[in-house]
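Respectively, the protein sequence lines represent chains A and B. So for the first sequence, UniProt numbering puts the first residue at 1; every next one is plus one. So for the second sequence, UniProt numbering puts the first residue at 1; every next one is plus one.
Check each hint, because a few of them may be wrong.
Unchecked claim - On the chain B side, residues computed to face chain A include the following (Cβ under 7 Å):
1) A8
2) G9
3) V30
4) D31
5) L32
6) H35
7) G43
8) E44
9) H45
10) Q50
11) R58
12) K64
13) G65
14) G66
Stated by the list, open to error - Stretch-level coverage of chain A by chain B, calculated; a stretch enters the list once three of its residues show a Cβ under 8 Å from a Cβ in chain B:
15) 125-132
16) 147-158
17) 222-228
In case anyone wonders, no lab produced these hints; they're calculated from the structure. Quantities reported herein were computed from a predicted structural model and do not represent experimental measurements. Yeah, the Cβ is synthetic: ideal placement off N, Cα and C, and Gly gets one too.
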Amino acid sequence: MRPDLDPEQLDRYSRHIIMNDVGPEGQAALLDTDVLVVGAGGLGAPVLQYLAAAGIGRLGIVDDDVVERSNLQRQVIHGDDDVGRPKVDSAAEFVTGLNPDVTVDRHELRLARENATDLVADYDIVVDASDNFATRFLVNDACTLSGTPFSHGAIFQFEGQVTTFSGDSPCYRCLFPEAPPEGTVPDCATAGVLGVLPGTIGCMQATEVVKLAMDYGETLEGRLVAYDAAEMSFEEIPVAAKPDCPVCGDDPAIASVADASYEGRCSLAED
Amino acid sequence: MHVTVEIAGEDTHELEVDADATYGDLLAPVDLSPHEVSVLVDGEHMPTDQPVEHDHVRVVRLIKGG
């Protein structure tokens, strides 16, 4: 941990530093934490905003998409001039412009079985801000197999979910063992999403990352929060370990991401 | 058998089901498909082909978007 904050950092992070429960040590912990954010879209935007502002020392951004005009209703780190640009470039510029303390790693690629293990191994905490089941299951498996804590968020229309997995047990597959058949669960592109919804859920994910980095407070480990923006209600659902979970169970069938397929149902690989 | 089906973030339903009903059988009456949800008892996922052994379940939707 770096205890030596320079005068500019003492000023920039002064509202953190004056808090008894954060202080210079907590800020130094944030500056010494490496976070991988998978997805620079609806959820990734507020996550990156607040983690950059908080002074997370290194932010990795994974995304293989380009900015589209239809993204701008909710993806607040991208602007109209960014349409057509890779999201990792637009996001990296935003982060650097907000806080030059933050080192940004741009990963303009899709998280895949071939790169997930190495990518995750290079960071302390991972944020699942993805928009598809293949990536969600891959993030879960790579993080759980490596013991890396990660924040999970998901959004749909007026509804959001957020939880935190410690990298041990339970994991996302304890809750959802397999992905649904293709086309059975609609996405935001076809069913829509309230523009401010990812702001709420993404800020909760960023909050969880900040607490994990500072080793402070109670995370959402073992609890999933379901948020209904239409009713402005929050509900907490316990999440328990599944003894026969294929990743974190008593006799796991998936010992590496090579053992699973990340297409279709995201179940065991056939080969 | 009387079962309370609580859909996270949504409504709660009171159902009367056959003694040999499965957890999957609890979903059609509340207009849900087994593919789009997880049925939980005390936080633990219940396979939808397993017979219902609890009088209260929570159902969590599988959400894709980000």
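Each hint, compared with the structure:
no., hint, verdict
1, A8, "4 Å, holds"
2, G9, "4 Å, holds"
3, V30, "16 Å, violated"
4, D31, "14 Å, violated"
5, L32, "11 Å, violated"
6, H35, "4 Å, holds"
7, G43, "3 Å, holds"
8, E44, "4 Å, holds"
9, H45, "5 Å, holds"
10, Q50, "12 Å, violated"
11, R58, "6 Å, holds"
12, K64, "5 Å, holds"
13, G65, "4 Å, holds"
14, G66, "4 Å, holds"
15, 125-132, "holds (count 5)"
16, 147-158, "holds (count 4)"
17, 222-228, "holds (count 5)"
Violated hints for the displayed structure, listed by number in ascending order: 3, 4, 5 and 10.
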